[in-house]
Every structure is written in structure tokens, then in C-alpha cells.
Amino acid sequence: MTHQQGISLGEAPGGAMNRLRRTLARRTEGRALALLIIVVIVTAIMEPIAFTAYEVTLGRIALIGLVALGLTAVILMGELDLAVASTLAVAGVVMASIDNLALGILTALVVGLVIGAVNAFFVVVVGINSFIATLGMLFFLRGAAFVLSGEEPVRLSDIDAGIAFGKPLIGDLTPRMLLFILAFLALHIFVTRVRAGREFYAVGGNRQAAYDAGIPVRRRIFTGFMISGFVAALAGIINTLERTAADPTAGSTVLLASFAAAIIGGVLLTGGRGSVFGTLLGAASLGILQVALTLSGVQVDVQNIVIGSVLFIAVITDPNSLRSVLGSARSFFRGRSRASPTQ
Amino acid sequence: MTQEKSTDVTQVAPSDAPKTADDSRGETAASRRNVKALDWLSQRGIFVFTILLIVFAAIFIDGFASLVNITDVFNRAAPIGIVAVGMTFVVITGNYLDLSVVAQVATAAVVLIAVSNESTILAAMGLALLIAVAYGLVNGVAVGVFKANAVIVTLSTTFIGLGLLRWLTGGSIYFGPQDGAIRSFGLAKLGPFPLAMLVLIVVTLILSWVLNQTNFGFLVKSYGSNREATRLAGVNTAWVVIGAFGLSALGAMIGGFVLGAFSNTAVSAMSTGFDFRALAAIIVGGTSVFGGRGSVLRTLLGVVFVSVLTNIMVLSGLTFGVQQMVIGALIVAAVSVDALARKAAS
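Heads up: the protein sequence lines correspond to chains A and B, in order.
So in our numbering, spot 268 of the first sequence is number 268, and the numbers just go up one at a time.
So in our numbering, spot 139 of the second sequence is number 482, and the numbers just go up one at a time.
Accuracy of the hints is not assured; some may be wrong.
[Claimed, not checked] Coverage of chain A stretches by chain B, computed from C-beta distances (three or more under 8 Å per stretch; other residues unrestricted):
#1 117-127
#2 134-146
#3 295-308
#4 311-319
#5 323-331
[What the hints assert, rightly or not] Every beta carbon over 10 Å from chain A, so not counted as near; a handful from chain B, in silico:
#6 Ser409
#7 Asn460
#8 Pro520
#9 Ile549
#10 Asn607
#11 Met613
#12 Leu644
#13 Ser659
No lab work stands behind these hints, which were simulated from the structure alone.
Remember, it's a predicted structure, so these values are computed and weren't measured experimentally.
Glycine included, C-beta positions come from ideal geometry on N, C-alpha and C.
Generate the whole structure from the sequences, applying the supplied hints.
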């Protein structure tokens with residue numbers, strides 16, 4: 001809707017510009033695809049090991065991608081879950097502190113679901129903006145991870161399981177990859193084929209209209225946050241199994257990368273637009289980027305600069321932002337504010 | 344609970360909104376009391392809670408009511424307080440918060456010590472000011488012009504800024520000279536009060552004046568309560584946002600100076616936790632995260648509350664993890680009260 005308005009007000013600063021903007025607005029995955037192509041080409045020239053050692057790269061993509069998938073479910077509804085990184089850490093610590101592996105995994109998953117439900121409670125029932133509610137939860141859970149672990153990494157008692165977990169299961173695919181693929185397919189089918197999932201778009205696109213259409217908005221938001229908490233806990237479990245220890249500080253780099261993956265993948269922060277496939281493309285490009293940087297011996301600090309810049313560029317180049325910049329530029333040159341579009 | 348009530352009373356009335364329930368007609372007494380209580384709690388509760396907390400600490404916590412400890416509380420409160428009063432402007436514009444203060448404070452402290460070791464203090468302060476302006480512009484333009492989400496923008500600038508700082512310094516610790524001007528400022532006291540506390544009070548008074556008496560302050564509140572109306576009134580809203588992030592950056596810079604002077608050392612990790620402590624102080628002080636209303640003076644009270652609470656936890660031997668849990672819970676609780684007050688009022 002806002003897009004059409006943008007065109008009608010556009011008065012063509014050149015046909016190519018218009019066409020570019022139309023393409024940008026229609027496909028949400030464009031930026032992720034562009035980044036992926038650039039990253040793949042540069043990596044292939046500079047650091048081809050990132051592709052020959054593809055188990056490492058795929059593993060990285062799976063970890064970033066899992067967290068980003070959960071975020072996608074929440075962002076589609078115009079909410080945000082900043083607590084994912086701490087959820088990952090808490091779930092890992094909980095799992096490692098329980099001796100029985102199966103029981104530990106189960107408890108960790110339940111913890112993820114409960115955290116998601118608590119987030120949703122503050123957003124839906126109390127009515128706090130999800131940015132602030134989940135930010136508070138991020139700090140709270142980060143502290144909780146420290147308290148539960150006694151401020152040091154918790155060793156997994158069943159190390160054999162961790163080693164077995166890193167071995168290929170089907171073909172070259174490790175269980176981590178398989179879980180990621182399963183989660184991707186499940187979420188993709190959920191938001192494109194299942195009614196409840198498709199209603200996520202409605203909730204994010206126009207919440208009032210969704211209410212009026214009889215969509216149980218509150219229940220959908222609860223579902224979204226619980227998906228996000230569950231998936232983040234799953235990522236924490238996988239991470240702990242692979243490292244055979246749970247680090248209470250885990251997840252701070254994943255936080256940045258997974259946000260960048262979801263946002264550059266075209267999931268609009270205001271909700272209602274985006275695709276799970278775009279998130280996959282975003283996760284793939286950031287995973288390859290991270291592994292390539294690590295392999296070429298770039299320090300963690302510089303990696304943070306690079307991934308932080310990707311996130312920064314991703315968040316200021318989404319279609320809404322570009323439109324409002326074009327609008328203000330136009331009104332600036334004309335000296336009046338009529339043409340500047342609303343958000 | 345659901346009666347009609349002029350929402351603008353709660354949204355626009357800037358710092359003083361005690362008479363929210365006075366002009367409402369046809370409400371049940373119970374709901375009016377409810378609104379009044381919640382509104383009072385989110386606006387005025389901080390006075391009572393701070394006093395209660397201090398009384399509690401003085402009676403029950405060993406070592407709280409000693410001169411050494413009080414001076415220590417002030418020393419630690421000053422940098423966080425200066426950061427918080429600056430960040431209050433960002434919160435009032437309705438842009439949640441400025442997470443990048445963590446990077447900004449550390450950068451200012453490192454620049455102050457490292458550059459003044461090589462050159463003069465004035466050069467160090469000049470460079471830090473340039474960096475602060477850059478932070479304010481980058482955050483402000485991304486949020487104000489590009490209309491990007493403030494949490495995500497400042498999250499990314501935090502990582503970029505801290506990454507740059509650690510990369511350029513190689514993570515090393517900088518020590519100031521034992522007899523330098525910075526050291527003597529950090530140690531200076533007025534009676535039991537460290538000089539840093541005076542800086543905090545002066546900065547608070549100036550920013551309070553900016554918020555309440557200047558045109559810019561009015562626009563900040565107006566933008567926070569209704570963006571569209573402010574824009575349609577012909578205000579260049581981008582500059583309001585850039586200004587708010589600029590003040591936040593200046594506050595973070597001065598906070599970094601004070602922090603660096605107090606310890607006479609600087610390292611990139613020294614400002615960990617400034618983001619959520621400052622946010623907690625602002626929100627506990629009754630500035631609404633929904634934007635539009637808030638007060639710099641009450642943020643100062645919030646700083647006292649959070650600092651005393653942290654001091655109590657440290658004296659009781661609680662670990663950093665527990666402290667983080669408590670502050671996180673405090674943020675969620677304070678915002679919940681604000682949100683419920685709003686719900687009840689509308």
C-alpha cells in the first residue's frame with residue numbers, strides 16, 4: 001500500500017530509479033541474495049578453504065540460521081525477541097547441569113518454551129513494547145546463565161554423545177545440519193501453508209485489521225515468541241553438544257549475526273513482510289563470511305566490525321527506510337514537507 | 344478500567360501530571376483510584392522507593408552508612424548518572440534507548456588517557472568530542488532520517504565501535520601519570536562528595552533546563568508523544584532525533600571522562616553494564632519508554648536508586664550474575680507499571 005503511494009508521488013527521478021525501487025519493494029530477498037553472491041565470489045577468490053572445509057561453514061550457517069529462523073517468526077508479526085542470545089546460553093547451561101542427557105535436552109527445550117511464553121506475556125498481557133520487554137529479559141537471562149553455571153563453563157557429563165553428535169549421519173550431513181534443515185522446512189511450511197502461520201503476516205501487516213478479521217492475535221503472538229524461544233533453546237543444545245561444554249557467555253556473537261541474517265534476508269522490522277527463504281540466504285551469507293574471516297586469521301574484533309556494519313547497512317536499507325530517505329531528500333530540495341512519505 | 348479519558352493528559356503533560364484523574368467524569372471510584380495509584384507509582388514512586396531503600400540499607404546493611412562507602416557510591420554513580428541523563432532525551436523521543444553508550448564511554452575514557460599521555464589533555468578532549476559528534480550523527484541519521492529501528496542501529500554501532508576500539512588499542516590498558524591533572528581531578532573532593540558528583544549535578548541541571556525551557560526540549564517531548572503531528576507542524580523531525588542522540592553521545596563522552604579520571608586507567612571493557620544500568624535508572628525515574636514524557640531530574644533520582652541498590656548487592660556479596668538479574672527484572676517491572684498505568688488510563 002505504502003509502496004504504491006511511493007510510486008505515485010515519485011514523479012520519476014529517472015525510469016531506472018523507479019524500476020529499481022519497484023524491484024526492491026517486490027522481492028524481499030534481494031539484498032540477501034546480493035550479499036550472498038558478493039560473499040561467495042570474494043570468498044572463492046580470497047579464501048577457498050571456506051568451501052572445501054564445508055562442514056565447518058555449514059555448521060556455522062546452521063547455528064546462525066537456527067536463531068535467525070526463530071527471530072523471523074517473531075519479526076514477521078512486527079515484534080522483536082532480543083532475548084534469543086541469552087535463551088541460547090541459559091538452555092545450554094541447564095542442559096549441561098543435568099546428568100541425564102535426554103532429560104537435560106527435554107528440560108532445556110521446556111525452558112526455551114517458558115522463556116518465550118514469559119516474553120509473550122509481557123508483550124501481550126502487560127502491553128510492553130517487545131523491544132524493551134525482551135531487552136530486560138536479555139539482561140535478566142544473561143545474569144541467570146551466570147548464576148546457574150557458577151560463572152564458568154559447565155562440562156557436559158556425557159561427552160560421547162557430543163562426539164557422536166558431530167559425526168555425519170546421512171551422507172555428509174551432521175545432525176546439526178539435519179536439525180537446521182528440518183527447522184527451516186517446518187517454519188517455511190508453517191508460514192506459507194498453514195493457516196495459523198499465514199496469519200502471522202496479517203498480524204504484522206495490520207494488527208487492527210487482523211483483530212477485525214477475527215484472527216486470534218494474542219494467541220499468534222504467544223505462538224511466535226514460543227517458537228523463537230524453542231528454536232533458540234535448540235540452538236543452545238546443539239552448541240553445547242558440539243563443544244561438550246556450556247558457556248554462560250555463549251551467544252553474544254550469534255545475536256549480532258542472526259539479527260543481521262534475518263534483517264538482510266528481508267524480514268521487515270515493522271512486520272508483515274519477509275520470507276523464511278530470505279532468512280536462509282542471509283544466514284548462509286553471514287555464515288560463510290564469518291568462517292572465511294576466521295580462516296583468514298582476522299581478529300574477532302574486526303569480525304565484529306564487519307558483521308556490525310552488515311547489520312547497520314541492512315537496517316538502513318530496507319524498503320521503508322529507502323523510501324523515507326528519498327521522501328525527505330525530495331522535500332528538502334523542494335523546501336516543503338508534503339511529499340515526504342509517512343512510515 | 345476502560346472509561347474514556349483524555350489520553351493527551353498522560354501523553355503530552357510533560358513532567359508533572361499529578362491531576363490525571365481530576366478531569367475525568369463518569370468513572371467508577373475504583374478505577375479512578377486504580378489509575379491514580381498506578382500513575383503515581385510510575386511518576387512519583389521513585390521518591391519514596393529511593394528513601395525507603397536508603398533507610399533499609401542504613402539499618403540492615405553493614406558498612407553502608409560509612410563515609411568511605413557513601414563516597415564510593417557517589418564515585419560510581421557519577422559516570423552512569425551522566426550517561427543516563429543524556430540518554431533520557433533518546434528515551435523521551437520514543438526511540439527506546441542508545442545501546443552504543445557502552446562503546447562511547449569506553450572510547451572517551453581510552454582517548455582521554457591515551458591521547459593525553461602522548462599529547463595534551465585538550466587535544467584528547469577535542470578528539471573525544473569529535474568521536475562523540477560522529478556517534479551522535481551516525482545514530483541520529485540512521486534513526487531520524489532512515490527511520491531505522493533505534494535498538495538495532497545502536498546494537499550494530501556498539502559492536503562496530505567496541506570492535507574499532509579494541510582493534511586500534513589491541514585491547515591494552517592505559518594508565519595515566521600519577522601526578523597528572525586527570526588524576527588530581529579524579530581524586531578531588533568537596534567534603535565527602537567527589538568532584539565527579541558536582542559534574543553530574545551540573546550536567547543534570549543544564550540538561551533539565553534544555554528539556555524544560557528550550558524550544559528543542561519542547562520538540563523532543565512533542566516528537567515523543569506524536570511524531571506525525573510534530574512533522575505536520577512543520578518541524579524538521581530528523582534534527583530532533585539527531586539532537587537527542589547527540590546529547591546522549593555528549594553525556595556518554597563526559598561520563599567516559601569522569602570514569603577514566605576516577606580510575607586513572609582506561610580499557611575497552613571498562614563500561615560493561617552501562618547500557619542497562621543507565622536504562623534502568625531512566626525508567627525507574629519515571630521516563631516513559633513509550634516516549635513523550637520524562638524528566639532529567641527524576642533520572643538523577645533513578646541513578647541514586649540503581650546505584651544504592653547495586654551497592655547493597657555488592658556489600659551483600661552477590662555476584663555480577665545476580666546483580667544483572669535484579670537490574671533486568673527491575674527494568675521489566677518498572678516498564679510494566681508504566682504500561683499498566685497507560686492501559687488503565689486509556
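Each hint tested on the structure:
Only residues whose beta carbon comes within less than 8 Å of a beta carbon in chain B count, and the stretch 117-127 of chain A has 3; three or more means the coverage holds. Given as covered by chain B, the stretch 134-146 of chain A passes the check, having 12 residues with a CB less than 8 Å from a CB of that chain where 3 are the minimum. With 8 residues having a beta carbon nearer than 8 Å to a beta carbon of chain B, the stretch 295-308 of chain A meets the requirement of three or more and the stated coverage holds. Check on the stretch 311-319 of chain A: 5 of its residues sit with their Cβ under 8 Å from a Cβ of chain B, so the three-residue criterion for coverage holds.
Note: the stretch 323-331 of chain A has 3 residues with beta-carbon separation from chain B under 8 Å; the three-residue rule is met and the coverage holds. With a minimum CB-CB distance of about 28 Å to chain A, Ser409 of chain B clears the 10 Å threshold, and the non-interface call stands. Non-interface call for Asn460 of chain B relative to chain A: holds, since the shortest CB-CB distance, roughly 22 Å, exceeds 10 Å. Separation of Pro520 of chain B from chain A is adequate, the least Cβ-Cβ distance of about 28 Å exceeding the 10 Å criterion.
The claim that Ile549 of chain B lies off the interface holds: its Cβ sits roughly 27 Å from the closest Cβ of chain A, which is beyond the 10 Å cut-off. Distance to chain A confirms Asn607 of chain B as a non-interface residue, since its nearest Cβ pair spans about 25 Å, more than 10 Å. The claim that Met613 of chain B is not at the interface with chain A holds, since no C-beta of that chain comes within 10 Å of its own (minimum 16 Å). Chain A leaves Leu644 of chain B outside its interface by the beta-carbon criterion, the shortest separation being 20 Å against a cut-off of 10 Å.
Separation of Ser659 of chain B from chain A is adequate, the least Cβ-Cβ distance of about 14 Å exceeding the 10 Å criterion.
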